[in-house]
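Below are the chains, spelled out letter by letter.
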Amino acid sequence: MEELIQHIINGLNLGAIYALIALGYTMVYGVLQLINFAHSEVYMVGAFASYYGARQFGLSDNPGWASFFIALLISVVTCSILGLLIERFAYRPLRGAPKLNTLITAIGVSLFLQFAGQVVFGADPKVFPEVLRDQPLFTYGEIQVQLFDVTILSVAVAVMFLLNYFIQHTKIGLAIRAVSFSNRSATLMGINVNTIIMVTFVVGSSLAGIGSVLVGLKYPKIDPLMGTLIGLKAFVAAVLGGIGNLPGAVVGGLLMGLSEEMVVGYLSSTYRDALAFGLLILVLLFRPSGLLGQMKVEKV
Amino acid sequence: MKMWRGWLLVIAAALVVSTVSEFALNAYLQQILYYIAINIMLAASLNLVSGFCGQFSLGHAGFMAVGAYVSALISLNFQPFADPHFAFPFYALAGGLCAAAAGFLVGMPSLRLRGDYLAIVSLGFGEIIRVVLLNLEVVGGARGLYGIPGASDFWACFHMFFWAGATILLLWRLVHSSYGRAFLSVREDEIASECMGINTTRIKVKAFVISSFFAGAAGALFAQTTNSLNPASFQFVKSVDVVIMMVLGGMGSLTGSIVGAVLVTILPEALRPLQEYTGVDLRMVIYSATLIFLMIWRSEGLLGSREWTWFWRQRAARS
Amino acid sequence: MLLEVKDVSIQFGGLKVIEKLSVNIDKGELVGLIGPNGAGKTTAFNLISGIYKPKTGDILFEGQRINELKAFEIARRGVIRTFQNIRLFPNLSVAENIEVSMHMTCGYSLATTFLSTPKFHKVEEEYRERALALLKIFNLEKLVDSPAGSLPYGIQRKIEIVRALAGNPKLILLDEPAAGMNNSETAELMALIQRIRKEFNLAVLLIEHDMKLVMGICERIVVLDHGVMIAQGLPKEIQANPKVIEAYLGVEETA
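Chains as they are written, first to last, in this note's numbering: chain P, 1 to 300; chain W, 1 to 319; chain S, 1 to 255.
Errors might be hidden in some of the hints.
[Stated by the list, open to error] In silico lysine to any residue, SDA-like type, Cα no more than 25 Å apart, as pairs:
(1) K119(S) / R5(W)
(2) K122(S) / L9(W)
(3) K27(S) / P90(S)
(4) K2(W) / L115(S)
(5) K53(S) / L76(W)
(6) K198(S) / N67(S)
(7) K119(S) / W172(W)
(8) K53(S) / V264(P)
These are calculated hints, taken from the structure and not from any lab test.
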């Protein structure tokens, strides 16, 4: 029983991170109907930005909340800028083109960042700086809850609440929802669609940046290809919940994290990565619009 | 007579290439030539389903892997002829057929849906195949398979280019037929196509299965020429490779697929001195940057949807 | 009775787009479907051609229920349509567009295609002949190899009709065939519709806003407003029907 609870705690943590990254995918898909393959590399760059920033500012010499938040800030800013650059120079020129072209471009950007990362950062893994020191917070029998676990979960949840408020209760959030629904109608209502899309990329990329620092805390090994696998799983999570649907991304992320943890804990860790694809195929076979998504009726 | 003209051309071309290869090229260049043949098959087959039929697939490496491993397993355990050369076509056929079956299983459920779904499912399929192969001991897991029967002589080269030529010939005929028009109609406007009586799901699956067959056969040839296999050769990057070949040549142009395959095979080798000079592998960086530039500035690739016959006609018109 | 629509309804979300529509079309009839914008006319076409499935009611073609059939199955039974916002295959030539409709009765198999047998070439030649013959009726045979997407709007509309004809329909659904045409073009179209109806033994159901065309060639007119049929009858009756006038022009204020 206690083992189960430990797995659930771990699963929720993992799921929270998947959810953060999945939200980035789903937001961009909502406004552009584009699968932003490069999102996973933005995540990776965030981790490296914190790495170099930490070295620059000596953050790992003073582990603590200040260092942690500075690392977060560095990552968020870098990711936002990168996200904006990608949108402006790779996606915007293709705004009117067939969706396929943008999809291929997204793949190109993703690969470019991976390989450029290998050239610039070096292909061998680095260790994420210790911006925060871990300690056991409380123990209950076999269950151990670490500071990191609580930090990750609370930061993720706080961010999601903020995002929800932003989307549901602010004017810009409303504009984003409008653009997700219909690009053209939104323009006719006086919304500057380009600006909104930029905002969406900034928000989505920031979430990836936050996610990468949280992951860096618990799994400090970083390398230029680190985004691929987690990006793919987060993407599956977004599809699972219904791509384009924000609460769906959260639900999908948590489900993904929990099921992965259960597979590793009770079945075998060799097939943990295949789980993501297996889930993906199952979802697409039986409920392609995702758990919370709705099938769109095409006007003829 | 039109029936046989194509085949004669294929045989003649394969003979010419093999002769040049045997007498004018060293082992290194020969290997590049073999990869060109394989890549032509991959690019052309992907073009059928993505360029002509409009169903974007990101899992071509998966079908290549199925064909490669199946034919390798068969050839390792079953050698019916004294001279292995006679068996090569059958191994390739077996690989192709199994890949086609896989294509059917993957295509049937996912092609019912419209939109981006095939891209995602095919990507997932490619990755699942790789992970399964990585974990399956009977195919050697991460170490892979060794000592696969194959050859690098005149007849092996002929065999490979015969397959490459046959792929182009058969796909050409397919595309210039009522089925080809059906494929194109699905790409152009799936709803209109269905209202004109086309069973769009069935047509898409047909394209997908035929495409997978040739990808599998290409995989089998790959196994025969490298004599060893491991899952690392069939990662997502390989699927992207094929996408680049197809896009560079022109989606919807078989001639373009040949051009794209040749360029993408040769370019990394041509850039190798650069890598040795700078000590850094810039090839994939250049690759991916090329893809981005292509999509933004010339998404129709080098040939667009034109075939060599178009250029022929232009010359005729001018003279 | 060729087509029977019985009490068909469909809604999107909360919007009742079509409510309890009943309409019959017999072999060889030329029926017009009119109504103000948003009345549900194209939706009716989408229901009949199988793009939408009715929520309630039945659609029968040649006595058989076609509610559950997919669009291509309905096309194969003999109901072919054109589209309000032209849906030609833009990157294909005119001939290729037309030949697509012939695929459902394709005279050769995949194997024959791969083998490129004499039979294959003969059948391909026949397809091209048929396409040319159909184009001749519309005086468009010169455009046979032109890319369809770059042709003028009015010509594209006509080619859509030719493409529909190539599928050997028993009932053809024309969605605003005269849109964007001037008077002489409309008159020409009216003659063409009459001609193909006779030559190919067709029943025709057409949506149109051009009243000259509608009143000119339709034997019977069905009027839709807000998803409901408000009148049905001969052109003269419809013209005088107060409900129809109200739907199009509104009622005088009595304040």
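Hints, one by one, checked against the model:
no. : hint              : result
1   : K119(S) / R5(W)   : holds, 16 Å
2   : K122(S) / L9(W)   : holds, 23 Å
3   : K27(S) / P90(S)   : violated, 33 Å
4   : K2(W) / L115(S)   : holds, 9 Å
5   : K53(S) / L76(W)   : violated, 54 Å
6   : K198(S) / N67(S)  : violated, 29 Å
7   : K119(S) / W172(W) : holds, 17 Å
8   : K53(S) / V264(P)  : violated, 45 Å
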